[in-house]
Structure formats: structure tokens, C-alpha cells
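Trainee: Chains as they are written, first to last, in our numbering: chain A, 3 to 100; chain B, 7 to 500; chain C, 13 to 668; chain D, 104 to 604.
There's no promise every hint is true.
Claimed, not checked - Simulated crosslink set (DSSO-like; lysine-lysine; CA at most 27 angstroms straight-line):
hint, chain 1, residue 1, chain 2, residue 2
1, B, K459, A, K30
2, C, K37, D, K481
3, C, K38, D, K477
4, B, K151, A, K30
5, C, K520, C, K219
6, B, K461, B, K365
7, B, K365, B, K100
8, D, K206, C, K37
9, B, K378, B, K459
10, B, K459, B, K365
11, B, K151, B, K362
12, D, K549, B, K461
13, C, K447, C, K166
14, C, K166, C, K69
15, C, K615, C, K599
16, B, K362, B, K35
17, D, K206, D, K383
18, B, K378, B, K365
19, D, K477, D, K383
20, B, K150, B, K362
21, D, K481, C, K38
22, A, K30, C, K639
23, B, K365, C, K639
24, D, K206, B, K459
25, D, K206, B, K378
26, B, K459, B, K150
27, C, K166, D, K383
28, C, K166, D, K206
29, C, K615, D, K481
To be verified - Here are the computed distance ranges between Cβ atoms for each label pair:
hint, chain 1, residue 1, chain 2, residue 2, range
30, C, G212, D, Y259, 36 to 46 angstroms
31, D, A311, C, G80, 17 to 27 angstroms
32, A, V86, B, I478, 35 to 45 angstroms
No lab work stands behind these hints: they were computed from the structure. Built from N, CA and C at the ideal position, the CB exists for glycine as well.
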Amino acid sequence: MLYYYLLVSAIIFTVGSYGIITQRSGIKILMCIELLLNSANLNLVAFSSYNGNASGQVFAAFSIAIAAAEAAIGFAILVALFRVRDTINLDNIDILRW
Amino acid sequence: MNYTLLIPEILLTILALVIILFGLLMSDKDKNMLGYLSAAGILASIIAILGTSGSASFFYFYNSLVIDPLSQVFKLIFLTVSLLVVIASIGYFKNNPHQDEYYTLLLLALVGMMVVSSANDLISLFVGFELASMSTYVLAGFEKKNSLSLEAALKYFIIGSLSSALLLFGMSLVYGITGSTNIPVIIDYFRANPLLAASSLGVIGIIFLVAGFGFKMALVPFHMWAPDTYEGSPTVVSSLLAAGSKKMGFVAAFRLLVLFAVAVVPLRLDIQMAFGVLAVITMTYGNIVAISQRSIKRMLAYSSIAQAGYISLAFVVTTQMSVAGGVLLALGHALMKGGAFIAVAVVAYMVLSDNKNAKNTDDLENFAGLSKRAPITAFSLLVFLLALAGIPPSAGFIGKFVLFYAVIIEAVARASSWLLLVVIIAILNSALSIYYYARVIKYMYVLPPTGDKIKEPTPYVVALVLAVIGTIGIGIYPEPFIQMAMNAAHVLGV
Amino acid sequence: MFSDYAALIVLLPVIGFVLTLFLGKKLPSGGAYIPIAAILGSFIISLGIFLEIYPDKVIQQSWNWFAGMNLGILIDPLAIVMLLMVSFVSLLIHIYAVGYMAHDPAKPRYFAETSLFTAAMLAVVLSDNVLQFFIAWEIVGLCSYLLIGFWYHKPAAAAAAKKAFLVTRVGDVLFLAGIVLLYVNMSQIIASHAFTLPQGNFILQFKSMFDAIPQIDPRQLTYITLLFFGGAVGKSGQFPLHGWLPDAMEGPTTVSALIHAATMVTAGVYLVARTFPMFVAAPDSLLVVAYIGGFTALFAATMGIVMNDIKRVLAYSTVSQLGYMMLALGTAGIAIGAKAVGISVFHLISHAFFKALLFLCAGSVIHAVGTNDIREMGGLFSKMKITAITMIIASLSLSGIGVPLIDLGIPVNIATSGFFSKDAIIEGAFEFGDKTGNFIPYIFAILAALLTSIYIFRLWFMTFSGTPRSEKHAHESPNVMTIPLIVLAALALLFGYSQTGFYNYLEKNFRLMNVFVPVHQEASPPSLIITLLPLIMGIAGLLISYAIYHRRMLDMSKLVSSQNPLYKLLIKRYYEPGLSADIIGVKITHGVAAQSGEFVDRKIIDGLIIDNVISNSLIKFGDVAKKIQTGVVQNYASIVLLGIGLLVILLMLGGA
Amino acid sequence: MALISLMIAIPLIGAIITFLTRTRQQARAIALISSGISLIISLFLLSRFSSSISAPQFLESTQWIASLGVNLKFGVDGIGLPLVLLSNIVIPLTVVFAWGETKQANQFYGLILLEQVGVLGVFTSLDFFVFYIFWEIVLIPMYFLISLWGGPRKDYSAIKFFIYTHVASLVMLLAIFTLYFMAPPVDPFTGQRTFDMFYLLNSYQIIASPILKDAIFLALLFGFIVKMPAVPFHTWLPDAHVEAPTAGSVILAALLLKMGGYGLFRIILPILPFSGSPGKLITLMAIIAILSILWGTFLALAQRDLKKMVAYSSISHMGYVMLGAAALIPLSVSGAMFQMFSHGLITCVLFMSCGVIQHSAGTRIIGNLGGIAKHMPKLAFLMMAGFLASLGLPAMSGFVAEFLVLVNSYITLPTFVILALFGIVFTAGYHLWAMQRAVFGTYNEKLGHIHDGAGYEIAAMAILVLLIIFFGLNPSPVLNMMTTNANQLVALAAGLKGVIT
């Protein structure tokens, strides 16, 4: 049973990773990060059930809360950036380099 | 339960909340005092921690936090850096209407780092990590009208979140294998079941943890954010990031990875080897790329990457000596790099006072003749740079000395040629780094000044002088610091 | 009582040097009287010591110096005759120089340096150990360098000074190598207890060296003596290190007289004489000495015939005469043993007198006419009678002319000192030929005698006879210059009469130090023709020169032209200056060796390895490596994930 | 009485005060006074020094870093005291020579005093850790002296100097670590280790692995020969000298190079007999020595810049130090030590001459000079004396040293000595060639009106020349100090007889 959860989690993780690498829009990349976090949450919950203790679920609860905060900050930064640069296409945000 | 040992964290949290509350009530001008308030709180915390030195360990909140020499050393590092940054910020953010938010975020980030250094549980570790990370994301983008600052924040945020996710994923796998989030339990479980730890799931878990911590430590290839962020952020924030939050990665890695390497015999060599490779690549890459930088902040960022490479040597041999060396160099680096960024901030102040619309305030050209224009800053930066290069007597030298010693004696004891190779590369790197540090020194001392002498703002001067005293002081009287580092390393049972 | 003040012999001129150097400017005549007084003091002390120790005492004083070395004084017959000669000749030349240098603004420097030179030369003579000998020897060379380059603003003088120092330096290094080898051998036989150094004796003392001769491996002894001789070759201008001496004539003429005729150049001969017991124990080396000496005598004389510079002629003559002295040590050393030292040193001293005289006369002439070129002189006899007469005495002495009344049965010869001294040498060479069947050195010697006579009378006739060939108004030199000439002329005439006493005195030399040098029985006296041959040669030379240069009986213009390959070879000095300076100095050493080293340093070590391979490649690598940092955050993420992949590979493969 | 620490501390305090002074008059006065006090202290040490004891005297030891076993341990013996004396002679004279410095004078004199602190520390510390710290400290003031007061290519030279010698010291540090670790703890119960120099050097013998021993040896040797410098690690030196200001060159050549030589006697020779393959290592040292002697000589011949020529001559002269050390004969070793002392004095005169010429004529290229003796008679006289001393003229200190080295080294290293002798002629060659071209001959009118060296410059040089002659005529006072230690070093190697080929 655990196997399937882990497989799904791995798939979600892969999708998220792929998205981060390929997407250009800041919003999409934020979403992909959420996917990554949630694949980990899925793991935690599945292991919690498998191991028969609750700490995994507690951990997941913490992480969901944190993910929410993180998303808020991320969007805030994107908004601020959009105000200054008129774009959230990450390919164009490369003044800082080398 | 006796919570006196937690007073610093509690005090700082309350202070953070008080500051944001005050900020609502205060006029913009009065907010200038908030910096002094924060500095006072941090100073009080430092005193509180110094007052509780001892070698025992105390556990809190169902074993999720531990107060032991390791945590105390790192808390001291974080507090010291924050103190320097806060003092410098008094000058940097003078009359800024958002000072209350700045100090709150800074204090919260500080609390996050302190929690990480005390974390004895994956959950508290993660929460502390995120608290510190998120506060610093915002700090990096604090100049919200400045597109560079925002770009820095964005990159920091995206790579940071990615790393958090990787870290969490790694933690979930570790939890899955061991069935616990409590670090001592996890380690004991691995010690008892080394084969499980060495299973592919276990190894992948470890790798994700390495990636997560490596992001904070700015190890190649997880370093990519660091140069951009350090360059773009407000300079005092760069100082905090490079000198402070980076060490958070190290303390977490010490707690988790060193213990892991010690406990899991079958994997020990592999982990050491992996860190050996990472360390060598990191220091070499950092130093070589630093050579071709014109922006001092960016150069310091790469130098910071290189220093992370040196500190990672602690993981390459995982002995008490090496961890102590790592702790010492982390301490030294906090002072040197923190101070160096503050010096850069003075230069930015100087350049902006020449010309309000100046761009690239940290360009090498602006350092020309600094010794004439801002002698204290120039001298401080000279001390920091030489210390970073590992010239005695300085904190940088003592740290490198102990680290290199730890590696070379392992190389000799194990008759291991690859360890010898690692340490020789480290040494050549150390020499190579002189090249770009010396170039800055040349600009400051040899080239003619491009403007008049300025009056260096007092807060900066205080911060710089403190950092210089710390950097040289540790070099001249390293004994207590070595003791502290050895005690800290002893906690890990190495 | 004089022997207590032996050290003053050296110290007085040293004090003279210091005083003249610093105070000379403020004193009349550039402070010349200080060194004159000092050297007079040295001479008086030497004379006192001579009277004290004659006939069979030796003075030895020694002080510990450093590292088992010592400073010391050894005055034996050999040393005392040299001391007397050096201090006396030096004194005369200093007096002469007061007149000769009267118009030179740098007089104080001149007198300081000659004073230092005299001190060093005296120190060479009375050294009791080879290290001190070498040190003084080097300072002598230094003074020679300084004085040749006295008119340093003349490029030729500066170049000649350098050449003199460098060429003699080659010899000095050989000498030093000899000392090294000697020291090592001594310390080895001491360490192996084959030889014990008596209490109060030091390792490099001559006495210790002589005592240790039987214990030293003969082959090593040959090496040591050959190396010592190498030093002598350099200092005494023997072939092949002779080239510096003619060039050294760029210095003031008084310097040439003092250093490059009478004293310093004889130091090489003195070295061989001083260490003669070692040479006797290494007959192979003596043979080398004989050949080199004989060859040099002839070789230098051939160049003497064609030179037009009055001083150069004399310089080649000096080289040639030094060759005679070496020849004497070599051949007579083998043939008749201990007496060789006497024969050689006797010639050394008589040569010192007449050659110093020749130079001073030349100086007087140059002083008068303002040129060195004998082709521009002529007819000076009437204007400079004293100079001309003293010079003809010196020339007669040099060519060994006298009336051998003894051979006619009359007890006393009427002859110049050169007659006595040179005859003995040529006889010694004949003796050598007689005993070994090897007449080559003798042939060298006898041919050189002919050439000597030719070139010196050519010089005299070209200078003093005939009609003036230039417009210069010449006049006789002042008394301060002519009096030394007369004194020296007297010595050149009369010194020869001390021959027997001199030989007897010097023969005892090594015996007084308890060092055994074999004395071989002289063979039956040679036939009359052999005895008279040198004289015949001398007179023949005189007649030839008289015919050619006074009577102008032959037209020399055909011979004396660059069309004549032999003349060209001689006037170009056998191409030696080109060889030593251009080919060895500039082309090989500077051009090939030094430049290739420079190439390796600049282009390979620095340029290729440090700058290119290390420095530039690192900087370039940094420029490339930083491009990874594209600024696009997705790439960053990709690299993070790539890194994880690499770690997985590393750990999984390693862990498996 | 902590005389040695006082001797080191006074220039340090002097340096700090000097940095803070406002006028150059104050700065140079303080520099002269504090370096002079240091000289007086070292003369006092000299008067109380007993040359019959090989152990360090005036020992003082203060615990510094207990956990690493580091003590501030100072003392001088016959190896260190002559060099301490040399440093204290050279530094005040350098200050006198540079009396006219106007550019940032307070920093200039302060840096010179810091150099004094560094070299005195190196020559007196008996704890490896402290030794290393002083060893490194020396670099920084020199870096600044070159890059602040240097010539056109000062950047390149300063950084090359810094990195080159820093790499060498780090490699040396590795060897120190290994020694530290391989030595048994001083206290077997607590496992307390120590950086005590003699303790670690003695512990070298008990290392089992010959390969490890050789590796330690070579790493230490590398650290020292780069500093000396020896071929092929010498190329930093000519560059550094050409660009450095005169005072910097003087200190660099007279004192910093001696640190490498000092290391040979203090550290290399005591462990050489116990190394894994002493025979090969001695041969290696001898080869490096002879290469340096000849290479330095020939390269000096090729130089057109007077100062660069002098720099190469330093390489050549330091080769004798190495040769004497490698020969392991009591007098060759003392000769080598004396060579360091003597070269320290001689090279000062040479570099000061170059400095005066550069200052007065505006060029140091030999071909562009010519006949300057006409207008600079005093300089020409002193320079001549320096050059003659440098080419090994007897009665000057250089001869005594080279003579002792050559004569005694022949016993064990005959081939190398013959090669070295070969170089002597060429040594004379380049010195005289330079004198002839630059100082003598016709005055080069293109130089315009030049003037003789200033009084203080001439005074500093004259004192040095007098010292050179004094020690050339009377080497015993210094030589006697060295002999006891040289004998002891050679006695250690007594077991090597026959190993040396």
C-alpha cells in the first residue's frame, strides 16, 4: 500500500521539478513549488500511517501552514516586482548574473 | 521545567512583537530608536547566553529543543552577526519609515536561526529553518522600489523554497524509515540498522537533506542564488545572509549529517567522500569566479561560497577536531564577512553622498583611495580581507588552522591520499584567494582617491570596530573559543 | 728589536692609506708625504729586521684568527729580500710620482691607493699562511684594478681594469681551489692521525703544509701545486692568462712601474717560490712551470718587437721576464734543486730594479712629450740626457749585457745585474736539458734572449736617437723624478754583484724552517760557448736594432704592414683580446649562457608556467565558469536538481 | 626579564605610534628610536650571551593557547642571535637611509617597524605555531611596501611575491601539522600535545614511515627554499626587487631571505639525519644549491637593470648557504650561517646603491648610466666597496663565509664545490661589468645634472661598509656564536657518514 503512495508522491515531485525547470511565469513556478511541498506532505502522511505514529501528520500540518506563509511571501515579492518591472517572466529577470 | 535557558529566544520573540506594535504607534522619526532597542535586546541575549555556558545538555518541549554547547556557540554567532547588522542598520535605515518591520523581521529571522541551532527534532528544525528563511526572503526584498533588491529576493525565494521542499522531502523519507522525527531517536535507529540507512531510500533521504542544507550553506551546486542575492539585497541584509543565515545550514548539518556519518558506518566514507568532492568544487569555484568580479558584494559572495567550501571540510573527516575547526571558521567567517559587508555599506553611503543617483555602489572603482576617504572603513576591510585569506593572527587563520590540521592528521592517520589531495587543494585555494582580496586592498590603499574624505557614520564605525576587535581578538587569544568549539563538537559524540 | 715591530711593516702603509684617503685633499701634493713616510718606515723596519736576522734567523709570529685559521708573519730569507725590494722600489716610485702626478686633481686617491697597494704587497710577502697570502694577494689585485682604472672616465681604462681583474680572477679561483684541496687533504691526514699539527701551529701555515708533504698523496700534491701555479699564471701574466697585463698600461705609468713591473706581477713567482717544497715534491708540476714559463718568455717577446706603444713594449717585456723567472723555478728546480729559488728571485729583484727604471724612464719621456707612441718620438737624447742614460743602463741590464771578464780569467765581471741574473737562468735551463735530454725550455730561453735585446734597443733607438718626429717641445723632468731614476740605475748596474751572497742566503731558506728541499750537484761547468751564448744573443740583438732603427740600414715598411700575415698576427697580439673579451666574454658567457638562462626564467618559468599556465588560465577559467550563473532562476533550479542527481550517482554507486 | 618579548614588542608599539603620527619628522624619529631600542636590547643580549652553549638562552615561555599546546616561547641561540643582531642593525639603518621619505611617511616607517617585529619573531620563537604566525606576518608589510611605494609593475610583483611565498608557507604548515600530530602527546594521560619546536623536531625521529618522514622533510624544505629563494622557485624575487622601494628591497634581501636560510638550520638540519633517505635529500639540497649559485650568476650577467642584477646575485649568494648546510661539516655549516649574516649586510649596500642611483639619475638601466662616478664620488666609492664585498673580495665578510663554505663543503660534496668555484669568475664578471658600464667610463651627458647621495644615505651605507670590513677582518665574534650550534647540528648527523656520496 505504502508503495503506491510513494509512487504518487514521486510523480508529483517529478512534475513539480520539471515545472520549475521549464516554466517561465513566476506564478507557475510558485505552483510547482507547492507541488513539491505537497509531495513531501503526502510522504509524511503515508509514512505516518505506515509507521503507526502521529508525528508525521503533525509534521505535515506544520508544513502546510508554512507552505501557506511561503506562498504569501512569494506572491508578495512577485507583485512588488511586477510593479517595478512590469513583468513576472523569470527569463527577463536576469540583471543579476555572472 | 526551568526555562531560563530559553530566555534569549523568548526575549527576542517578545521584542520582535513589541517592535511591530510600537511601530504602529510611533512617528517615523521616533522609529530610529527601534534599532537601539533591538541592539539592546540582542546584547541582553548575548549576555544571557554567555552566563549559561556549560557542557551539559538540556532538553525542552518533549525533546524537540536542546540547549547544549553546540547550540550556544551557534546562537552566539547568530547574535553577534545580528548585533553587528543591527548597529550598522541604525545608520543604513536611518529615517526609513519601515524600520519597525525591518527590525521585527530581523529579530524573527534571528529567532529562527536560534531555533535551528537548538533543534533536536525534524519538525522544530524545519519550522526554525522556514522562520528564518521567510523573514530573510522579505528582508532581501526590503527595498521594494529597487528592482535589484526584488530580483534578489525572488531568486532567493524560489531557490529557497525549492530547497525547503527538498529538505522536507528528505525529512519525510528519514521519518519514513525510522518512524520518528526526533533526531537522537533517528540516529539511534540508524546506528542499530545501518543497512536500512544505506538503502536507496535512506541514501536519497540523506541527499535531499544535503541539498536542503547545502542551499543555506551555499555549497556548489546549491549556491546559485547566493551571488545574485548578496549582490542585490540591501547590503546590511547581505551581511546577515552571508554571515548569519548561512551558518544555520552548518549547524543543522552538524546536528544531522555529522551524527549520521558517525552513526552509520557503512555510509560514513561515502558521505565524507561526497562532501570532499563538494567542498573541493565549492572552494575552487568560489575562488576562481571571485577573481573576475568587479562588484565587491558579488566578490564577497563568491568568497563566501569558497569559505563554505572550507567549512565543509568538517564533514570530510567528521572528527571532533574538524567539527571544532568548522565551528571556529564559522564564527570567524561570521565576523569577517559580516564586517566586510558592512564596510561595503559604508562605501555605498559614501558613493551616494557624492552622487545621489549613483548605480553599482559596490563597484571596485568606488574603493579607489578608500584609505584616504574613509580610513577606518578601509582599515577594517583590510583586516577582514586578510583574515578571510587566512593570514594570522586572525579568526580566519585560527579556523582554517584547526580545520586543515584536522584533515591533514586524518590523511596521515588513514594514509589516505585523497584526503591529502583535498587539503592540498584547500591550501592552494587559500593562496589563490589572496589574489582577489589583494586587488581590493590595492584599490583601497594604492590608488588615488576619487573624492574627499568623508565622515564615517558612527553606527557603521561601531559595528566595524566591534567586528575588527572580534576578528583579531580571536586570532590573538583563541583559547576560549577553541575550548568552546571543542565542547560544541564534543556534543556530537565525535 | 725591529722584529717586534714586524707587523708595522704592513700597518704603516695601511695607516697611510686611511689618512691620505680622508685628509689628502687638504694637504699639499695630495698628501703624498704620508705614504712616503709610511713606506720609508716600512723600509727601515725591514732593513732593521734584515740586519737582525741575517744570516740565519727566521721570524715567526702567529695569532689565532677564526675557525682554525691564523694571521701571522713569517720572515725568512726569501721574505726579507722581497720586503726590502718592495718597500724600497715602492718608496722610490712614490717619490717619483710626486713629480709625475703633480698636475692630477685626484692625487689623494692615487696616493691612498698606492699606499694600500704597498701594504697589501708587503702583507703577501710576509704571510705565514696561505689564506692570509691569498687575502693579501686579492687586495693587491683590487689595488691593481683600482689603479689601472685610475682615470676611470676613460672607457679604455675602465675596460682594462675590468679585464685585469677578471683574468687574474680566473687564476685566483684556481689558487683558491688549490687552497680548498690543500685544506681538505690536510684536514684528512690530521683526522686520520697520519699527521699531527703541533701545538700553536695552524692548518694553513706554510710550515704545516711543508711538514705534511710526505703524508699527502703525491697525485693530490700535483693537483694542489698545479692549481697554485694557476694562480701564479694569472697574477704573473703567464700564457694563457697574459692578456690583461699589456692592457693594464692604461693606468698611470708610475702604477705600471710599481705594480705591473716590479712588485705585484712578481707575486706569482713569489707564490711558487714560497711553496717551492711542495713543487719539488711534485716534479710534474715543476715541468709544467718550466714549459709555461719558457714558452711565455718567447711568446711575449715576439709581440714586444712590433708594439709601438712604449709602455706596451715594456709590458710584454715584463711578461717575458716573468716567464724567465718561472722557467728558472721549473728547470732549475728539477735540475739543481733548492738553489732554483735563489736564481729565480735574484732575477726577480734585479728585474724589479731595471724594469721599474725602464717604466719610470718611459714615464719621464711620456711626461715630456705627451704621447705613448714611439713613432712620434725620436731625437730625445739631447733633450733628456739623464733619462736617456739611465734608460740605456736599464736596457743593457734587461738584455743581459756585460763583459764576462771571469771567463777571461779576471776575478770580477764588469756587467749589469741582468747579465748575472739572466745568465744563471739560461744556464739552469741548459743544465735541465743536459740532465733530462730535453732542451726545449733552453731553446725558448735563448731565443727569447735575442728577441729581448732586439725589442728593447728598438725602443731606445726609436725614442732617443735620430731626429724628432713630432713638434712636441720636450724637456728633462724635474729632480724629484730624475733622482729615483739615478738610484735605480745604480742598482741596475750594481745589484748583480751580490749574486753569490744572495744565492747562499736564499739556499738556506727552507732549511731554516727545517724543511728539506733536495740540493742536486751541479754538473760539470758547461762549455764556454754555452756560457757566452746569452751574451752573444744580447749583443746580436743590440746590433740588429742599431742597424735597423739607428742606421736605418733596412727598409722595414714592407715587413711592417698589415699585408704581412706574421706582422698582423703579432700586432693583433695573436688575436687574444678578441678571443677573451668578445668570444668568451660577450658571445659565449653573456650571449649564450646568460641569455638562455634569462630566456628560461622569463619565458618558461615566469611566462609559460606562472603567467600562462597558472595565472592566466585561472583567470580565463573564472571568466568561463561564472557564465554558469546565467541570472535566470530556472537554470539555477536545474543546476540544483542536477547536483542532486550527481550526488545520487556518487553515493549510490559508491554505496553499492 | 622577558627581554626578547620586549625587543619584539617595542617596534610593534613603535609601529602603532608611527602610524598615528601626523608629520614625517615625528614618524621617522619614533621609527629610529624604537628600532634603536630594539638594537640596544639585542646588544645587551649579545653581551650576556654565552657562545659555548648550544641550547637557546634567555628563554621565556608563556602559555598562550592551552588546548593546542601553544606557548609564547622565545629564546636565542647561535643560529638566531646573529640574525637578530642583523635585523636590528639593518632596520635602523634602513630608517636612516629612508630619512628623506616624503610619501605617506608615517605608514612607510610603520611598515618597516612591522617588518622588524616579524623577522625578530621568526628568529626568536621556539614554538612552531608562533613561528608560523610571525612567518606570515612578515608578508603583509612587505606587500604594502611594494605595492604602495613600488615601481610601474608593482601590482604584478607584489601579488606574485605574496602568493608565491604564501603557498610555500602553507605547504610548510602542512608539515608542521603532521609533525604535531605524529609527536607523542607531552602528557600521555590528557593527550595534551604541544607545538614546542624542539619537542616536535625531536619527535621526528620516532615517526616510523620513511615515506612520511621524507614527505614532511620535503614540505618543510619547500617552505624554506621558496623564501631563500632557490632555483627553480626564485622568479618572484627579481620581480619583487625591481618594483620594491629601496627600503623594501633592503629588508627583503637582507632579512626576509634569511628567514628561509634560518629555517634550514633551525628546522631542516636537525631532522635531516633522521629522514627516510638522507643521502638522496642531501644530494637534492646540494643540487638545488649549486643550481642557485650558477643560475643566479648567469642570470645576473644577463640583466640590464642594476637592481635586477643585484637580485639575482642574492639568489646566487643564498645558494652558498644551502651548499654549506648540505655539506654537514661543522665549519661549512657555520660558514653558511655566516654567509647569511654577511650577505645581509652586503646586499643592503648594493640595494641602497641602486636606490641612490635611481633616485638621482632617474634610471637603473646599466646601459643608460655611465660615468656617474664623476658626479657621485661618494656613492661610487661605497658602491664599489659593496660590489667588491659581494664578489667575495677577501678582507670583507663575504669572503670569510664563502671561503669557509667552499673549503669545508669540499670534504663531502667535492663535485658541487668545483662547480661553485667555476661560478666565482662569472660572479666577478657581472659585478665588474656593471661597475664599468654604470659608474666608470665617460659621463653620459643625457643624464643631465645628477647629485651625490644625501648625507643620511651615505652615512647608512658607510656604516654598513665598515661593518662588512670589520666582520671580514674579525669574523670570530659572530662566528664563535655559530660554531657551537653548527657542531651540534653536525654531531646529530654523525650517523650519516658514508651515506653522503
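Trainee: So, for every hint listed, does it hold in this structure?
Mentor: So, going through the hints one by one against the coordinates:
no. : hint                                  : result
1   : B:K459 <-> A:K30                      : violated (50 angstroms)
2   : C:K37 <-> D:K481                      : holds (14 angstroms)
3   : C:K38 <-> D:K477                      : holds (20 angstroms)
4   : B:K151 <-> A:K30                      : holds (24 angstroms)
5   : C:K520 <-> C:K219                     : holds (15 angstroms)
6   : B:K461 <-> B:K365                     : holds (21 angstroms)
7   : B:K365 <-> B:K100                     : holds (20 angstroms)
8   : D:K206 <-> C:K37                      : violated (38 angstroms)
9   : B:K378 <-> B:K459                     : holds (6 angstroms)
10  : B:K459 <-> B:K365                     : holds (20 angstroms)
11  : B:K151 <-> B:K362                     : holds (15 angstroms)
12  : D:K549 <-> B:K461                     : violated (49 angstroms)
13  : C:K447 <-> C:K166                     : violated (52 angstroms)
14  : C:K166 <-> C:K69                      : violated (49 angstroms)
15  : C:K615 <-> C:K599                     : holds (21 angstroms)
16  : B:K362 <-> B:K35                      : holds (22 angstroms)
17  : D:K206 <-> D:K383                     : violated (50 angstroms)
18  : B:K378 <-> B:K365                     : holds (22 angstroms)
19  : D:K477 <-> D:K383                     : violated (53 angstroms)
20  : B:K150 <-> B:K362                     : holds (18 angstroms)
21  : D:K481 <-> C:K38                      : holds (17 angstroms)
22  : A:K30 <-> C:K639                      : holds (26 angstroms)
23  : B:K365 <-> C:K639                     : holds (23 angstroms)
24  : D:K206 <-> B:K459                     : holds (18 angstroms)
25  : D:K206 <-> B:K378                     : holds (13 angstroms)
26  : B:K459 <-> B:K150                     : violated (31 angstroms)
27  : C:K166 <-> D:K383                     : violated (53 angstroms)
28  : C:K166 <-> D:K206                     : violated (39 angstroms)
29  : C:K615 <-> D:K481                     : violated (38 angstroms)
30  : C:G212 <-> D:Y259: 36 to 46 angstroms : violated (60 angstroms)
31  : D:A311 <-> C:G80: 17 to 27 angstroms  : violated (40 angstroms)
32  : A:V86 <-> B:I478: 35 to 45 angstroms  : holds (42 angstroms)
Violated hints for the displayed structure, listed by number in ascending order: 1, 8, 12, 13, 14, 17, 19, 26, 27, 28, 29, 30 and 31.
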